[in-house]
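In order, the protein sequence lines correspond to chains A and B.
Number 156 in the numbering used here belongs to position 155 of the first sequence; there are no gaps in the numbering.
Number 196 in the numbering used here belongs to position 109 of the second sequence; there are no gaps in the numbering.
Mixed in with the good hints there might be a few duds.
With a straight-line cut-off of 25 Å between C-alpha atoms, the simulated SDA-like cross-links for lysine to any residue are [as the list claims (entries may be wrong)]:
1. Lys67(A) to Val222(B)
2. Lys303(B) to Lys67(A)
3. Lys47(A) to Phe108(B)
4. Lys47(A) to Ser153(B)
5. Lys149(A) to Asp297(B)
6. Lys243(B) to Val94(A)
Because the hints were derived from the structure by calculation, they are not lab data.
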Amino acid sequence: MADAEQSSQLIILGLSLNPQVVGLWLQAALTFAILSFLIGDNPVYKFAEHLFVGISAGYGVVIVWKQAVLPLLIFKLLPQLGPKPDELADYWVLIPGLLGLMMLARFIPRYDWLSRYPIAFTVGLFMGAGIPAVVQMNLLQQAQATMKPVLGLGSIEWGLALSCLVVLVGVICTLTYFYFSRPHEGVLGVTSKIGIWFLMVAFGAGFGNTVMARMSLLIGRVEFLLYEWMPIVSVHLSKYVQ
Amino acid sequence: MGELLRKLESIDRRWIYLVIFAAVVIPFLMNLKLPVGKHSPSTTAVHDYIEQLPPGSVIQMSFDYSPASMPELEPMAKAVVRHAFEENHRILAMTLHPQGALMIRRALDEVATDLNKEYGVDYVDVGFKPGGVAVILGMGRDIIRVFEDMDARGEKLSAMPMMRDVADYDDIALMIDFAANSLPLAWIGYAHERYGLQIAAGVTAVMATDLYPYWKSEQLVGLINGLKGAAEYEELVGAPGFGVLGMSSQSIAHLLIILFIIMGNIGYFVTRRASQNRT
Numbered sequence: 002m003a004d005a006e007q008s009s010q011l012i013i014l015g016l017s018l019n020p021q022v023v024g025l026w027l028q029a030a031l032t033f034a035i036l037s038f039l040i041g042d043n044p045v046y047k048f049a050e051h052l053f054v055g056i057s058a059g060y061g062v063v064i065v066w067k068q069a070v071l072p073l074l075i076f077k078l079l080p081q082l083g084p085k086p087d088e089l090a091d092y093w094v095l096i097p098g099l100l101g102l103m104m105l106a107r108f109i110p111r112y113d114w115l116s117r118y119p120i121a122f123t124v125g126l127f128m129g130a131g132i133p134a135v136v137q138m139n140l141l142q143q144a145q146a147t148m149k150p151v152l153g154l155g156s157i158e159w160g161l162a163l164s165c166l167v168v169l170v171g172v173i174c175t176l177t178y179f180y181f182s183r184p185h186e187g188v189l190g191v192t193s194k195i196g197i198w199f200l201m202v203a204f205g206a207g208f209g210n211t212v213m214a215r216m217s218l219l220i221g222r223v224e225f226l227l228y229e230w231m232p233i234v235s236v237h238l239s240k241y242v243q
Numbered sequence: 088m089g090e091l092l093r094k095l096e097s098i099d100r101r102w103i104y105l106v107i108f109a110a111v112v113i114p115f116l117m118n119l120k121l122p123v124g125k126h127s128p129s130t131t132a133v134h135d136y137i138e139q140l141p142p143g144s145v146i147q148m149s150f151d152y153s154p155a156s157m158p159e160l161e162p163m164a165k166a167v168v169r170h171a172f173e174e175n176h177r178i179l180a181m182t183l184h185p186q187g188a189l190m191i192r193r194a195l196d197e198v199a200t201d202l203n204k205e206y207g208v209d210y211v212d213v214g215f216k217p218g219g220v221a222v223i224l225g226m227g228r229d230i231i232r233v234f235e236d237m238d239a240r241g242e243k244l245s246a247m248p249m250m251r252d253v254a255d256y257d258d259i260a261l262m263i264d265f266a267a268n269s270l271p272l273a274w275i276g277y278a279h280e281r282y283g284l285q286i287a288a289g290v291t292a293v294m295a296t297d298l299y300p301y302w303k304s305e306q307l308v309g310l311i312n313g314l315k316g317a318a319e320y321e322e323l324v325g326a327p328g329f330g331v332l333g334m335s336s337q338s339i340a341h342l343l344i345i346l347f348i349i350m351g352n353i354g355y356f357v358t359r360r361a362s363q364n365r366t
């Protein structure tokens, strides 16, 4: 038990440290480093920023290697290296493997044309899969939702009716704003102006939500500093005081 | 008055940062608890949908976010996981985001341990799978095959009691995507439209505006919007956590920003009128 506790300690400069405590201090230091940008650009912020980019890229490479390249390519070609050594080798994976390698040809100017084939394959695949889905999702279903009966067939729900009416008027007026084949005069001028108001409301809602999202990130950091880091600080300070 | 407004117009923006920082910190220090307010219909819709599912239903959850979006999405993810477990539903956790595997462990394992849920019986974590749309489409045909019959811990999926009842989307009662990106749209486009999978989303507030039309058109069962949605869901399941705790700071900071916007506009119109008078 004591050995296990000993092995979970980090030894730095002869000091025995708990890795969780070290992690909390690192998080706090990096939080302050990133927030220091508010005072102005500085080397501490730059260091934290580069560290973040580097770690994210490194983590991404390791994950893709471990979760994609090894199980989907190497272990399929050489099953004896993977968790299922009794399986037969699957040589079909050579085709996507080769396409993936051709993508890397972009780094060699003389052979960068090779990368066009996997790109063309990917574009073709996703256009084929995507067009029906996007048409169904963004056009047909949305148009159907816009054309809900305003007054309904049976009893009238006034709140719902008003909501349907606002959606209908909003869609028509906003579409007329983007109709440029005739000058925006007369009826078209009025509807396009109403369309601008609907657009402004949508932008305002988007901006409000963005503010809320950014504020939430700050709240998250403050919560970390107050509820996770500060208790550690107070424990350390109390040891000093004693 | 005009002089004061002119001074405010040229104020160093770092003072504004400081005031906002104070507005966020002070409610925590004073343990201020402002009401979350009326629950949004879109959040309640997710809650009610889970409530009406028969016990033992399988809910798929995709944790498509990274530590950068954790403050907004983790509280709601924990609240929904808690709700699903309390209703005796089973959870199939996955992620299409490379950094999502850690997010699953943080949100799922803690609540599962708290409620004595058993791995492999009540919940399964299949971890990260690269491929995005290809994974979504593949799961509609054979979920175990897409994940190479292996979970995030390297154990065989087909040997787990829970996975004996889960072959494809027909066996999933609801799929919830916690995302800080456009992946909910991919789930709607490829899993809902093609396979009829019922989908809900819990997203960052930045993403929510784009997704409300899909809730209105009933392509989404419901939508949990940012920290506010997380706080609402925590209240709905009676387990206030970091979502509720953060909302007091959120409300005060928002009031302050509204005040800044009003002051900015007054300043703009006063200085414009003054310059017009001069000319």
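Structure-based check of each hint:
Simply put, Lys67(A) and Val222(B) have alpha-carbon atoms about 17 Å apart, close enough for the 25 Å limit, and the pair holds. For the suggested pair Lys303(B) and Lys67(A), the alpha carbons sit about 40 Å apart, so the restraint of at most 25 Å is broken. This hinted pair checks out: Lys47(A) and Phe108(B) have alpha carbons roughly 22 Å apart, not beyond 25 Å. Of the pairs offered as hints, the one joining Lys47(A) and Ser153(B) holds, with about 21 Å between alpha carbons and a cut-off of 25 Å not exceeded.
With a C-alpha separation of about 20 Å, the suggested pairing of Lys149(A) with Asp297(B) holds against the 25 Å cut-off. A threshold of 25 Å between alpha carbons decides the hint, and for Lys243(B) with Val94(A) the separation of about 22 Å falls inside it, so the pair holds.
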